[in-house]
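Colleague: Below, each chain spelled out in residue letters.
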Amino acid sequence: MSAPLFAVVGHPNKGKSCLVATLAHDDSVAIGPQPGTTRSADRFPMRLDGELLYTLVDTPGFQRARRVLHWLRERADARGASAADRAALVAEFIATEGHAEQFPDECALLSPIAEGAGILYVVDGAVPYSSEYEAEMEILRWTGRPSIAIVNPIRETTHVAEWQAALSQYFRVVRVVNAIDADAATQRELLLAFAELDDGWREPLRRAVRALEIDREGRLRRASRRVAELVAASLALSVEKRVGPSEDPRRFEGELREEYQGRLRQLESRARRSVQEIYDHRTLVSHEDGVDLLESDLFSEESWLVFGLKRRDLVAAGAASGAAAGGAVDIALGGASLFAVTAVSAAVGGVLGWLGADRLEKLRVVNQPLGGRALRCGPASNPNFPFVLFGRARYHHARVATRSHARRDALHLDAAAGARLELTAGDRSALGKAFATLRRTEEGDERRSEAVDATARAIEAVFRSDDVAPPPRAEPV
Amino acid sequence: MQETAIASPKAPSVSDLLGVALALDDDELRDPAALRARDRALGRAFEDARVRDPARQLVAWLQARGDSATATAGRVRGALRGLAGLLTLAGFVLGWGAALGVLAFETGSGRINVVLVLALLVAVPVVMLALSVLAALPMAGASRIPGVELLVGGLRWLSTGRIAMRLVPAAQRDALAAFWGRGVGHGRLYGTAQKWLLLAVSQAAALAFGVGAVVGTLGLVVFTDLAFGWSTTLEIASADFHRVVWWLARPWSALWVDAVPTAELVEATRFFRVDPTVPEAIDPGFYGRWWPFVLAAIGTYAVFPRALWAGFCVWRLHRSVRVALFQTPGVGELLDRMQSPLIEMGQEGAGLAAEADEPGAVDWASERRPPGCIISWAESADAASVSRIFGAETPAPLRAGGNSSLDDDRAAIAAAATASGDVAVVVRGYEPPVAELLDFFRDLRTSLGDGRGIDVVPLGAAETDLRVWAGALARGGDPWLRAVRPPDGSS
Numbered sequence: 001m002s003a004p005l006f007a008v009v010g011h012p013n014k015g016k017s018c019l020v021a022t023l024a025h026d027d028s029v030a031i032g033p034q035p036g037t038t039r040s041a042d043r044f045p046m047r048l049d050g051e052l053l054y055t056l057v058d059t060p061g062f063q064r065a066r067r068v069l070h071w072l073r074e075r076a077d078a079r080g081a082s083a084a085d086r087a088a089l090v091a092e093f094i095a096t097e098g099h100a101e102q103f104p105d106e107c108a109l110l111s112p113i114a115e116g117a118g119i120l121y122v123v124d125g126a127v128p129y130s131s132e133y134e135a136e137m138e139i140l141r142w143t144g145r146p147s148i149a150i151v152n153p154i155r156e157t158t159h160v161a162e163w164q165a166a167l168s169q170y171f172r173v174v175r176v177v178n179a180i181d182a183d184a185a186t187q188r189e190l191l192l193a194f195a196e197l198d199d200g201w202r203e204p205l206r207r208a209v210r211a212l213e214i215d216r217e218g219r220l221r222r223a224s225r226r227v228a229e230l231v232a233a234s235l236a237l238s239v240e241k242r243v244g245p246s247e248d249p250r251r252f253e254g255e256l257r258e259e260y261q262g263r264l265r266q267l268e269s270r271a272r273r274s275v276q277e278i279y280d281h282r283t284l285v286s287h288e289d290g291v292d293l294l295e296s297d298l299f300s301e302e303s304w305l306v307f308g309l310k311r312r313d314l315v316a317a318g319a320a321s322g323a324a325a326g327g328a329v330d331i332a333l334g335g336a337s338l339f340a341v342t343a344v345s346a347a348v349g350g351v352l353g354w355l356g357a358d359r360l361e362k363l364r365v366v367n368q369p370l371g372g373r374a375l376r377c378g379p380a381s382n383p384n385f386p387f388v389l390f391g392r393a394r395y396h397h398a399r400v401a402t403r404s405h406a407r408r409d410a411l412h413l414d415a416a417a418g419a420r421l422e423l424t425a426g427d428r429s430a431l432g433k434a435f436a437t438l439r440r441t442e443e444g445d446e447r448r449s450e451a452v453d454a455t456a457r458a459i460e461a462v463f464r465s466d467d468v469a470p471p472p473r474a475e476p477v
Numbered sequence: 001m002q003e004t005a006i007a008s009p010k011a012p013s014v015s016d017l018l019g020v021a022l023a024l025d026d027d028e029l030r031d032p033a034a035l036r037a038r039d040r041a042l043g044r045a046f047e048d049a050r051v052r053d054p055a056r057q058l059v060a061w062l063q064a065r066g067d068s069a070t071a072t073a074g075r076v077r078g079a080l081r082g083l084a085g086l087l088t089l090a091g092f093v094l095g096w097g098a099a100l101g102v103l104a105f106e107t108g109s110g111r112i113n114v115v116l117v118l119a120l121l122v123a124v125p126v127v128m129l130a131l132s133v134l135a136a137l138p139m140a141g142a143s144r145i146p147g148v149e150l151l152v153g154g155l156r157w158l159s160t161g162r163i164a165m166r167l168v169p170a171a172q173r174d175a176l177a178a179f180w181g182r183g184v185g186h187g188r189l190y191g192t193a194q195k196w197l198l199l200a201v202s203q204a205a206a207l208a209f210g211v212g213a214v215v216g217t218l219g220l221v222v223f224t225d226l227a228f229g230w231s232t233t234l235e236i237a238s239a240d241f242h243r244v245v246w247w248l249a250r251p252w253s254a255l256w257v258d259a260v261p262t263a264e265l266v267e268a269t270r271f272f273r274v275d276p277t278v279p280e281a282i283d284p285g286f287y288g289r290w291w292p293f294v295l296a297a298i299g300t301y302a303v304f305p306r307a308l309w310a311g312f313c314v315w316r317l318h319r320s321v322r323v324a325l326f327q328t329p330g331v332g333e334l335l336d337r338m339q340s341p342l343i344e345m346g347q348e349g350a351g352l353a354a355e356a357d358e359p360g361a362v363d364w365a366s367e368r369r370p371p372g373c374i375i376s377w378a379e380s381a382d383a384a385s386v387s388r389i390f391g392a393e394t395p396a397p398l399r400a401g402g403n404s405s406l407d408d409d410r411a412a413i414a415a416a417a418t419a420s421g422d423v424a425v426v427v428r429g430y431e432p433p434v435a436e437l438l439d440f441f442r443d444l445r446t447s448l449g450d451g452r453g454i455d456v457v458p459l460g461a462a463e464t465d466l467r468v469w470a471g472a473l474a475r476g477g478d479p480w481l482r483a484v485r486p487p488d489g490s491s
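Residue numbers (this note's numbering), protein chains in the order written: chain A, 1 to 477; chain B, 1 to 491.
In case anyone wonders, no lab produced these hints; they're calculated from the structure.
Treat the hints with caution; some may be incorrect.
[To be verified] Selected chain B positions facing chain A (in silico; Cβ < 8 Å):
#	residue
1	Phe326
2	Gln327
3	Gly330
4	Arg428
5	Tyr430
Predicted, not measured: the structure shown is a model, and the values here were computed from it.
Heads up, the beta-carbon is just placed ideally off N, CA and C, and yes, glycines get one too.
Build the full structure now, drawing on both the sequences and the hints.
Modeller: Right, dumping it as structure tokens:
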């Protein structure tokens with residue numbers, strides 16, 4: 001048995017391409033207000049590891065339905081054809097010479113149906129029902145193919161009930177689905193409804209639904225990991241300015257803060273794009289304010305010495321040198337001094353090392369200072385900082401993960417809405433522990449990878465609960 | 001992509017770490033859909049071949065690419081093998097030479113000083129081993145001890161591995177430089193792997209040195225006549241020295257009794273610089289009896305711990321490479337692509353491009369001319385609506401479109417042709433203008449002839465709908481066809 005084929009048909013501008021974009025997760029499907037945006041029957045096969053499970057066909061809208069129906073009826077009357085001959089007459093219509101030029105849209109939309117496609121007839125539940133549609137529905141009935149009607153309330157639901165009543169005269173199954181708003185669960189339910197049209201379609205469509213469920217879990221996992229990596233990188237982020245011993249590093253505070261915020265924005269921006277790509281929103285543009293740094297004092301100041309030396313290293317080196325010199329004297333005395341010379345020399349060497357650090361700062365080699373002061377901005381130590389970052393990422397994820405691929409508007413993220421998202425006590429505790437572990441590990445440390453994994457798992461738990469009960473939407477549909 | 005020996009990919013090495021990182025960099029420029037398809041195909045091949053270890057899957061993935069990243073990894077592998085081989089050979093030769101040198105150094109008495117042999121061929125390697133272990137300390141913990149960070153940094157800088165890099169031919173050095181450059185750029189990510197790589201290479205050389213010393217010593221024992229004694233400036237009694245060597249010989253005392261110096265041997269073989277002559281009462285064969293102890297000491301203290309340490313360094317190297325591999329950016333996504341079933345749902349083929357969105361260009365007429373004839377398309381308006389729109393004196397509308405037949409359309413056109421004045425066609429503005437309606441306008445124009453106006457009144461239309469109607473009517477090219485804004489309240 002060949003894989004199920006579904007032709008999405010209907011009047012122009014009723015959301016057929018929106019529905020296809022949503023079901024095929026394809027944000028490149030041409031959607032526009034002009035009727036006739038879809039000019040050919042475009043196929044959207046769903047393959048699982050190369051195996052075809054089903055195909056959706058996006059078709060142009062009916063443009064000359066009455067003429068086509070008139071042709072069919074004329075032929076049927078002339079031949080005395082019965083209902084059993086109707087499907088053949090439709091095939092004959094498509095094959096008739098000249099019809100491809102005279103009725104290009106009808107030939108394009110009827111061809112897959114003649115191949116055996118199931119029919120998904122899409123109407124707009126926001127406008128009143130009219131008899132203008134009856135010629136289309138009659139033609140579809142003549143094909144004899146199993147069919148399901150989709151009432152797609154494009155702007156409002158005022159006339160949905162009216163449509164349901166009218167469509168039930170022609171279709172066994174009528175569903176109300178907003179193609180723009182349809183989330184992953186609704187999409188899977190729709191596929192399962194398609195599966196009921198034909199016994200032979202159940203198995204591949206159920207496999208398709210199961211594969212989509214597993215795939216969604218995988219995307220959730222990847223998105224969680226990406227957000228965990230964002231938090232880890234942000235917690236470790238710092239920028240430093242080194243100046244010579246005679247300069248005041250504090251005058252670079254403004255510049256450093258700006259650089260820090262810029263780098264943080266960059267990290268967030270990359271993470272946003274990654275999450276959007278994970279959910280196949282490759283052309284989506286999102287707008288969001290920069291993160292609010294919670295603490296006014298991110299700065300710390302310290303000395304620096306060349307080669308990463310620390311003052312204590314010079315003390316140790318001085319003490320070791322002193323001890324070696326003193327030790328030689330003690331050995332020469334045959335131990336009579338009870339190694340007192342060693343001890344004194346070590347102490348003197350240590351003090352000289354301490355004092356030497358200051359002198360080293362002031363020296364210059366090739367006009368470069370060997371030491372000075374450094375001002376560092378970050379890492380952010382406020383315990384709420386990772387929660388703020390996570391809250392923003394969570395809000396973005398919730399918007400993106402549930403966004404239909406039929407939408408073409410930009411995504412505006414309300415920072416306040418993100419801040420209002422609640423966490424259960426268990427989730428907050430798990431995240432708190434994970435964030436604390438992240439702070440304690442460094443990149444390259446074996447424990448770092450484990451810490452990021454633990455953070456990703458805690459984040460995934462929150463994302464899963466959001467998937468079941470999405471947070472409230474902030475922007476208009 | 002090459003056919004690959006998927007059945008038995010090896011554990012990842014340092015060169016694979018670099019290769020995978022370079023390959024992932026290349027992949028950033030590729031189409032994501034193509035990447036998913038390629039990597040999933042490989043992932044399924046690995047499943048079929050029962051390659052379950054993700055690290056080995058990454059190695060096999062790299063080999064399967066067969067591109068520049070694989071080639072670079074190969075060059076690095078070759079360079080590292082060459083480097084390790086070179087150092088091992090050098091170590092062996094140096095160890096052999098050191099043994100020859102030390103055992104050939106007679107102090108004028110014709111005897112080889114065991115103390116000197118122990119110092120140079122046992123103590124020095126033990127100290128070097130201790131320093132090597134110190135250099136391997138994790139900096140995070142060691143840096144808390146003052147001075148250790150400085151010392152460890154210096155030791156690492158002086159590592160024989162690092163120094164020997166300068167001996168590698170230019171082509172391989174470039175490949176290694178790519179690895180090192182990456183290490184510098186991702187210091188913390190690759191730092192641990194680099195550290196253990198240097199240590200592993202260094203220890204291979206040091207172990208070879210020890211083995212060379214053993215082989216050299218053994219060779220001299222077999223092919224020459226060695227006479228040992230012991231001598232020191234320090235004031236130490238023979239009994240004390242015997243105690244020292246007895247403790248040194250403890251590890252092998254049960255296994256090799258002859259390698260444990262007796263008190264008699266120690267007493268008999270002491271010599272002094274001032275009087276180097278051999279007492280006649282001593283059996284000359286005595287002086288040869290130190291060789292088992294010397295050999296066992298070198299083997300036990302210079303070679304065996306070094307072998308253990310070298311093995312540990314190699315094990316840590318493999319482990320750190322594995323950790324760095326999984327921490328390499330992009331590896332997680334790669335494994336996910338390989339292991340997750342591939343779902344493809346995009347459009348097949350290019351399809352016809354959508355036409356450009358044309359803004360409404362029609363000059364909307366707000367003044368409605370009294371029509372001589374009104375046509376209601378698809379039951380869009382009844383007599384009452386028409387009266388409201390055009391005034392009480394307007395005729396009842398003719399019907400066309402919708403539930404009307406094609407004959408009804410033709411009748412409406414014929415009636416409009418016989419009427420005088422302009423024709424108004426009332427349509428549902430919220431429905432798009434389909435080709436059937438535009439055909440009707442053409443047929444109507446043909447019937448009316450030039451000059452008579454056709455007013456199109458789209459009822460119930462939103463602003464966006466009105467623009468769509470404007471564009472469609474403009475494309476018809478009829479200069480006497482105009483769109484009329486519906487009266488307020490009918491939109």
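Colleague: For each hint, tell me whether it holds in the structure or not.
Modeller: Hints, verified against the model:
no., hint, result
1, Phe326, "holds, 6 Å"
2, Gln327, "holds, 5 Å"
3, Gly330, "violated, 11 Å"
4, Arg428, "holds, 7 Å"
5, Tyr430, "holds, 5 Å"
Checked against the numbered hints above, the structure breaks only hint 3 and satisfies the rest.
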